[in-house]
Amino acid sequence: MPDNNRNLSPKDTRRPRRNTGWNILLPFLAAALVQNLVAVFASQILVVDQAIHFEGGSYADFIRSSFERMQGQAFTSLTLLVYAFICVIWFGIWYRREFLQTQKPARDYRCLVRQYKHWSWMLIPGILLFILGAQYLSTYIMNTLAALVPQWMAEYQGILRSSGLDDIQTSLPMILYAVCLGPVCEELCFRGLTMSYARRVGGFWMANILQALLFGFFHMNMLQGTMAFLLGLALGYVKEKSQNLTLVILLHMAFNATSAFIPGLVISADNPVSYFVCLFGGLIAAYAGLELLVRGSSPRIVEVE
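Just so you know, we're using my numbering here: the sequence shown kicks off at 457 and counts up by one.
Just so you know, these hints were derived from the structure itself, not from any lab. Note that CB positions come from ideal geometry on N, CA and C, so glycine has one too. Hints may contain errors.
Unchecked claim - So the derived label-pair ranges between C-beta atoms look like this:
1. Phe660 / Phe732: 47 to 55 Å
2. Ser514 / Tyr731: 48 to 56 Å
3. Glu511 / Gln607: 19 to 27 Å
4. Ile718 / Ala516: 38 to 46 Å
5. Leu628 / Ile740: 34 to 42 Å
6. Ala603 / Ala507: 43 to 51 Å
7. Asn492 / Trp661: 40 to 48 Å
8. Val496 / Ala713: 43 to 51 Å
9. Ile615 / His509: 24 to 32 Å
10. Ile665 / Thr600: 16 to 24 Å
11. Phe523 / Leu628: 58 to 66 Å
12. Tyr743 / Val504: 46 to 54 Å
13. Arg553 / Met676: 13 to 21 Å
14. Arg553 / Arg520: 45 to 53 Å
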């Protein structure tokens, strides 16, 4: 879903007929609404199913067993999948109608193919370097925050255990959410809709910080929210410089996949010197990856005036 507003002045990217300042919050609120509605609806279905199959015991036993199922990995992963599926469809239509117009009719698939012929070989090493650097940085920053504020790590680990997210490799629905639908949903919401609305009323850094803050807050815990904020800043930078949302989605997918399936990618440091060497190396790798990503992508879709 690439888009391009490089040839438009800041004045051209704004729509004075709309109060776009309030529109900045709409995608965040819409995602939260869908997530909560899906959770409530799924909970009602689970309670009905539990009532049908419940064998004896007291009412307290019934409530306890229902809550245990709600906190299980199967319920969490299926609920997240349904939420993400709904939001991908809704936000995809919303983003396309509000911000994108193709250079040719959508039915001309040759136009869509030509969009990606402008992607350079530099994208491959760019993605690899960025993911490697980002994983190092996120690991060391998370460890630092956990040492400074231990309750953040305890809260984060409790959320993972209660939802079954600490063993993502064993759940196909959770894999589909974390690696596929989840990144598409979040990028459409934050780097797509939220950032595009914010760019209509302000400069890049204001828009980037705002969407990253909302992205972090959406995760609802301090440790993961802080890491999401930093990742959101980097992904917002790629979105702004490349004007290519598809590339940002791929980056998010790759980051989540390596976090879930290659936990040994990051080598731990056993002394202060190696710690700062790895941290500095992560910064260099992430920055080099960002530059290669920006240089290797080329937009083919323009923003609606």
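Going through the hints against the structure:
{"no.": "1", "hint": "Phe660 / Phe732: 47 to 55 Å", "result": "violated (30 Å)"}
{"no.": "2", "hint": "Ser514 / Tyr731: 48 to 56 Å", "result": "holds (54 Å)"}
{"no.": "3", "hint": "Glu511 / Gln607: 19 to 27 Å", "result": "violated (40 Å)"}
{"no.": "4", "hint": "Ile718 / Ala516: 38 to 46 Å", "result": "holds (44 Å)"}
{"no.": "5", "hint": "Leu628 / Ile740: 34 to 42 Å", "result": "holds (37 Å)"}
{"no.": "6", "hint": "Ala603 / Ala507: 43 to 51 Å", "result": "holds (46 Å)"}
{"no.": "7", "hint": "Asn492 / Trp661: 40 to 48 Å", "result": "violated (31 Å)"}
{"no.": "8", "hint": "Val496 / Ala713: 43 to 51 Å", "result": "violated (30 Å)"}
{"no.": "9", "hint": "Ile615 / His509: 24 to 32 Å", "result": "holds (28 Å)"}
{"no.": "10", "hint": "Ile665 / Thr600: 16 to 24 Å", "result": "holds (21 Å)"}
{"no.": "11", "hint": "Phe523 / Leu628: 58 to 66 Å", "result": "violated (24 Å)"}
{"no.": "12", "hint": "Tyr743 / Val504: 46 to 54 Å", "result": "holds (53 Å)"}
{"no.": "13", "hint": "Arg553 / Met676: 13 to 21 Å", "result": "violated (29 Å)"}
{"no.": "14", "hint": "Arg553 / Arg520: 45 to 53 Å", "result": "holds (46 Å)"}
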